[in-house]
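Spelled out from the first residue to the last, the chains are:
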Amino acid sequence: MGHGSATNGRDSLMSLGKAIGHDYVVALAGNPNTGKSTVFNHLTGMRQHTGNWPGKTVARAEGTFSHGGKRFQLVDLPGTYSLLANSVDEEVARDFVLFGRPDCTVVVCDATVLERNLHLALQIMEITDRVVVCANLIDEADRKRIALEARALERELGVPVVPTAARRGQGLEHLVEHIHSVASGAEKLKPLRAELDPAVEKAVNEISEDLLSVAPGLPCPRWIALRLLEGDERIEKAVMNGELASLYEPAGNGSKATRSRTASQEAVAWADP
Amino acid sequence: MGRSVTPQGIVQRAHALRDELGAGVHERIAESLYATATRVAQAGVSVKGKPRVDWDLLADRILTSRMFGFPIMIAGLAVILWLTIAGANAPSAAIFSVLFWLHDKMAAGMTAIGAPWWLTGFLINGVYRGLAWVVSVMLPPMAIFFPIFTLLEDVGYLPRVAFNLDRAFRWCGGHGKQSLTMGMGFGCNAAGVTACRIIDSPRERLIAILTNNFMLCNGRWPTIIMVATVFVAASFSAVWSSVVATAAVGGVTLLGVVATFLVSRGLSRTVLKGESSHFYLELPPYRRPNVLRVVHRSIVDRTIFVLGRACMTAAPAGGLIWLLGNINVGDASLMAHITTAIDPVGRFFGLDGVILLAFIVALPANEIVVPTMLMAYLARSQMVNMDNMAQIGALLHEHGWTLLTAACLMLFSLLHYPCATTTWTIYRETGSVKWTLWANLMPLTLALIACALVANVARALGA
Chain A
23 MGHGSATNGR DSLMSLGKAI GHDYVVALAG NPNTGKSTVF NHLTGMRQHT
73 GNWPGKTVAR AEGTFSHGGK RFQLVDLPGT YSLLANSVDE EVARDFVLFG
123 RPDCTVVVCD ATVLERNLHL ALQIMEITDR VVVCANLIDE ADRKRIALEA
173 RALERELGVP VVPTAARRGQ GLEHLVEHIH SVASGAEKLK PLRAELDPAV
223 EKAVNEISED LLSVAPGLPC PRWIALRLLE GDERIEKAVM NGELASLYEP
273 AGNGSKATRS RTASQEAVAW ADP
Chain B
348 MGRSVTPQGI VQRAHALRDE LGAGVHERIA ESLYATATRV AQAGVSVKGK
398 PRVDWDLLAD RILTSRMFGF PIMIAGLAVI LWLTIAGANA PSAAIFSVLF
448 WLHDKMAAGM TAIGAPWWLT GFLINGVYRG LAWVVSVMLP PMAIFFPIFT
498 LLEDVGYLPR VAFNLDRAFR WCGGHGKQSL TMGMGFGCNA AGVTACRIID
548 SPRERLIAIL TNNFMLCNGR WPTIIMVATV FVAASFSAVW SSVVATAAVG
598 GVTLLGVVAT FLVSRGLSRT VLKGESSHFY LELPPYRRPN VLRVVHRSIV
648 DRTIFVLGRA CMTAAPAGGL IWLLGNINVG DASLMAHITT AIDPVGRFFG
698 LDGVILLAFI VALPANEIVV PTMLMAYLAR SQMVNMDNMA QIGALLHEHG
748 WTLLTAACLM LFSLLHYPCA TTTWTIYRET GSVKWTLWAN LMPLTLALIA
798 CALVANVARA LGA
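For the record, the sequence lines run as chains A and B. Residue numbering for the first sequence is 23 to 295, as defined by this note's numbering. Residue numbering for the second sequence is 348 to 810, as defined by this note's numbering.
Treat the hints with care, as some may be off.
For lysine-lysine, the following DSS-like pairs were computed, each having C-alpha atoms within a straight-line distance of at most 30 angstroms [said to hold, decoys possible]: (1) 397(B) / 166(A); (2) 224(A) / 259(A); (3) 210(A) / 224(A); (4) 166(A) / 395(B); (5) 620(B) / 781(B); (6) 224(A) / 212(A).
It should be emphasised that the hints constitute simulated quantities derived from the structure, not laboratory data. As the structure is a prediction and not an experimental result, all values here were calculated from the model.
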């Protein structure tokens, strides 16, 4: 891809604002008011409105940055507490992670209340393997005498955990390195799945197997099975009308370029919910 | 496995399995998620003891207390407005005199190089003068108001306001988060309307959208501040003038909040019936804002942006006003014809023909109401040179302004209708022509009724 030549090959972060064209799509998810927009602004050099109140990002923002000669399109999703699609925000976020198929999804967490924020991270890890957890506001956690042990968390979660203080730009280089290696597939992950009780687990397994026999390439049969068990109408519709299956057609010629374009088209489709 | 699997079959099977599992599948799944999160957090998070004093809690106890919550909010608003008004005075006057000194020089220069009178008139007395008004009247207050407001937003005060106002919103059938959208509306109604997406219930969202107009926006702050300082406050002694101006602007602002409550209640009792829904509002931690970044962001991104928009509309409006004032039909200018024709209508509402014309010309952007008005008066005035702000007051007196005119103008400006950009945003957000019309006609009706009432009652009382 020619457009990587603009960078000088060094492994440093370069903000590109609203530049066109990219190698990877990266989604930025997280609970409201964890500093997603601050991370977004830092990486892309853009100036999305930021403010200390939940629900401030109502529309999705997109920007670009480059790292190690590759371009990344960063999509700032609205802050949500879950991916159960109770509201328009949640639906926008969920649909992007599910159908937009980002190459990497960064879950921005508030380090001062990490446990509560992990609910969303675990839900996203059911949908996609390619997750990086960004434990933001680490400076505030320090002030509250809360200590995070990133290595222990990584071991438990099975995905990279990067402590950051985005307002000071602290830890973001490290975050970008992980985004790069996860998006490119250099770093293979095995995310933790929530342990279900045996009866539910059995039902989920049965449905997952059926799903895989209908759509062999499906990357998150377990998550879809869970939603079907809960009677999620949006997902039921997506299964019935083949929306899910068509997105995950065996990747045969699914080159990076085609996939990225699909993601962008999805992005456009959800720009005005 | 002889059974052939179809998508429909899978969905049906899932339904059957759900029935087998019995009630509460959803809760069981959620519980396992919570348990997993707890386990992970135990492995990697440790708390090294609590800090001695929990300042956040202490601050919340005071800022959201029943006793102090409202007084602190109102006092805070008064302080911000006073800082804006008192602080903007001197820089406004300075910018004004520089820009109008330049105005005279340029006009003289044009004449010296032999430019025809109409070109000088159109470019200098029309377009340039329009721009000069907008910059000198709008720039200083915005450069003070926006950074302060953004600081409050960054610190985390807005959600506390929402918390305080929650009970009021329950009374009027709206959603507690509506106060956050009102806060955004203080900057720009279009942004406020977009922010209404944070309200999930369509009914409550619509109420928030329809009433956002009552929050003074960028375009109307300068109008209200200008009228309050150069006209209302001018009749008091210098010591009291900034206090009086603050009280006037604060009063109009609070009136907007009251209008929001009353109209929300009216709507939720009639066309948008329903109870207010429950919601959880997280009070985020207080954060120390990065002052330099906030100032930079609110000046570069907001002030300059808004000013740019104002200039874009002020320049053509200035030209238009000059043309209207200088194209003669019969024995008078076009402008004289128009303003004379609509003058009785304006008078009935406590305004006059020129003010009405200004509001019509300012449809694309409220920012230019004052400049349009002043240029229209100036075009009919004996006063040719305006070299300081105090003369604005004199100009208004010359055209028959009284305190009643000022009050009605502020009232009309507060209530009237959203600007073109906001109207377009409302259409985009609601996807409905009907509600877009509502969002315009409802406030307009309200504004006309309010002004007519105030004007006629005041006159009857002999004011």
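A quick look at each hint next to the structure:
{"no.": "1", "hint": "397(B) / 166(A)", "result": "7 angstroms, holds"}
{"no.": "2", "hint": "224(A) / 259(A)", "result": "23 angstroms, holds"}
{"no.": "3", "hint": "210(A) / 224(A)", "result": "27 angstroms, holds"}
{"no.": "4", "hint": "166(A) / 395(B)", "result": "9 angstroms, holds"}
{"no.": "5", "hint": "620(B) / 781(B)", "result": "17 angstroms, holds"}
{"no.": "6", "hint": "224(A) / 212(A)", "result": "21 angstroms, holds"}
Checked against the numbered hints listed earlier, the structure breaks none of them; every hint is satisfied.
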